[in-house]
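Put together the whole structure using the sequences plus the hints.
Per the working numbering, the very first residue in the sequence shown carries number 1; after that it's consecutive.
Hints are supplied without guarantee of correctness; some may be wrong.
Here are the in silico distance ranges between beta carbons for each label pair [as the list claims (entries may be wrong)]:
hint	residue 1	residue 2	range
1	M547	P388	29 to 35 Å
2	Q325	I385	23 to 29 Å
3	G287	K367	38 to 44 Å
Okay, derived cross-link-like pairs now, DSBU-like style, lysine-lysine, Cα gap no bigger than 30 Å in a straight line [unchecked claim]:
hint	residue 1	residue 2
4	K105	K185
5	K168	K137
6	K383	K367
7	K88	K392
8	K270	K252
9	K185	K88
10	K270	K299
Don't read these hints as lab results, they were simulated from the structure. Glycine included, every Cβ here is placed at the ideal spot set by N, Cα and C.
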Amino acid sequence: MDKNNIIGFVLIAVVLFGYTWWSQPSAEERAAAVRKDSVAAAEKEKAEILKKQKTLQMQAESKEKELEDTSALFHAALQGQSEKIILKNNKLELTFNSKGATVEKVVIRGFKDRNGNANVTLFDAADQYMNYTLTAKETNISTADLFFVPSDVTDSTVTFTAQAGDGKNITLAYRLGTDYLLSMKMSVNGMAGLFAPNTNTMDVDWKDKCRQQEKGFTFENRYATLTYHNVEGGTDYLNETKENVDETIEDKIDWVAFKNQFFSAVMIAKNNFSANSMMTSIPQEKGSGYLKQYEAKMKTFFDPSGKMPSEFEFYYGPNDFRLLQRIETESTFGKDLQLQRLVYLGWPLFRIINRWFTIYVFDWLSKVFPMGVVLIMITLLLKLITYPMVKKSYMSSAKMRVLKPKLDAATAQFNKPEDQMQKQQAMMSEYAKYGVSPLSGCLPMLIQMPIWIAMFNFVPNAIQLRGQSFLWIKDLSTYDPIWEWGHNIWLIGDHLSLTCILFCVANLLYSWMTMRQQRDQMVGAQAEQMKMMQWMMYLMPVFFFFMFNDYSSGLNFYYFISLFFSAAIMWALRKTTNDEKLLATLEARYKENKDNPQKMSGLAARLQAMQQQQQEMQRKREELNRKRK
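As structure tokens, then:
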């Protein structure tokens, strides 16, 4: 990018900003628009309130009629007192409500919540709603309205039954496994005649107000998603930042998950959920204590005869890659559920790196070292693997640096703008004489960049870092504030993260060293252009500060350590490289190539061939111009 290009971009930016400022509405127009929007919003809210009130009134009237009609189906089950039944093991404590016969509270043991309590409450009765609707000939049967009678109660089992009279009933039988998996079988008895002959599905309506479990709302909100798995394979999720209401999922799915950053509630259907399920995810305001409002409206298998139950499995637990793999083997449905995809590892290339390298190394190191040390060890291992390529890149730059006086002399006659092509040819020719490849310095960056991005996806989703302290960092899974204030500041937030500052300082140092190295090898106008572009490189750490201030301290710490080691390696290579010996080696290579031109190969040979071809084309153009004259 030369001076003219930069000036052009600046002028374009000025024109765009100027036009935007000129075309913006006046204060009166903005005020009128605000008033109009406020009125419209108020009318919409009023209409929605009236609609809800009408719906609730109709439901109340319908329920009142059912209660008055002693002959109505499930008349006795529509009245009663709810009971609390608790199933528990070493990992979970599940509280059931006999009204509706569903789980109303989940406590995950062994993980502290953000307030320091010993266990994490995934949801409770105020956040959770589950209803199964059976469409009969004369009425709809909603399990959420029925009072069930519990039986066969142990620490791991409970059976709920709702009587409809005359040997007719609905049963929901639950069994809690040894860890995080809950099984449920739902069936009807003696009710086949109440349904249409072609009835083979029932409706499932599941709602959850997703709680904020971690310290950083913005960061956790990025990874809180409604996720589902297609029967044909692969997972997908609703946009984590936008409001999605009743979004239709056209494919059949076998599970849906209401996901936090580190914990999930998953519902799995043995006979799948039918196509055209409707999913909802509505982001909540910061400070509300919630991240998203989730809802899944689905249809699944139902046998009115009662011969085959509708079977479900529920997973309430941490988003741990290895654990989710094991849970899938414990499932009795025999499906390739891919539950481990709840741990987001990035796009395909980065997922492969994390799946087959990072996780294995992380698991092995975490058995021996604390989590902070694990991040350092992973960084050192990656630096060790990439060191040969980094050294090769540096030596390529060093060769170009020591050859700079010769390049200056070879290109001194090409100072005019129209001579830039010849100048580049002369430079490439000079590099070819000494066997130097200017492109070799790009390879290490191409290798390291996927690793950086892979770690960007892995570290925020590593539940092993949650609650782990290191040095001054109290929790590696969230930010480490050195200063907090009570209000939000645009771009910064409500805190300053120390690891983010260290990362940005290390980035600034590394950028300075890189720019210095590149400047030392530039020739002529390139060096001047590099000086003009320096300030853009120095702005990158500032940009990263605004981006990463709210990210986890573990991720910022990894980037800080990585850049620190990169700068240290570059400094060490600079100190241990003898420019005079390197130049002598290049001179010897040049003499060898000159005496034995047949030995020229690879890039040098291709450059020489390109140069000869360009010279021949130039000769033909000049000859053609002479003939025209």
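Problem set entry | Pair hint outcome, K383 versus K367 [Cα-Cα no greater than 30 Å] | Roughly 21 Å between the alpha carbons, so the hint for K383 and K367 holds.
For this session: Below or equal to 30 Å on CA atoms is what counts here, so check K168 against K137.
Result: holds (15 Å)
Exercise. Holds or violated: are the alpha carbons of K270 and K299 at most 30 Å from each other?
Worked result: With Cα atoms ~12 Å apart, K270 and K299 stay inside 30 Å; holds.
Exercise. Does the Cβ distance between G287 and K367 fall inside 38 to 44 Å?
Worked result: holds (39 Å)
Exercise. Given the proposed pairing of K88 with K392, does the C-alpha separation stay at or below 30 Å?
Worked result: Between K88 and K392 the Cα gap is close to 59 Å, so the pair fails against 30 Å, i.e. violated.
Exercise. Is it true that the CA of K105 sits at most 30 Å from the CA of K185?
Worked result: holds (19 Å)
For this session: Below or equal to 30 Å on CA atoms is what counts here, so check K185 against K88.
Result: holds (19 Å)
For this session: Starting from K270, check that the Cα of K252 is at most 30 Å away, please.
Result: Between K270 and K252 the Cα gap is close to 12 Å, so the pair holds against 30 Å.
Exercise. Holds or violated: 23 to 29 Å for the Cβ distance of Q325 and I385?
Worked result: holds (26 Å)
For this session: Hint says 29 to 35 Å; check whether the CB-CB distance for M547 and P388 agrees.
Result: Holds, at about 31 Å.
The structure is inconsistent with hint 7 alone, although it conforms to all the rest.
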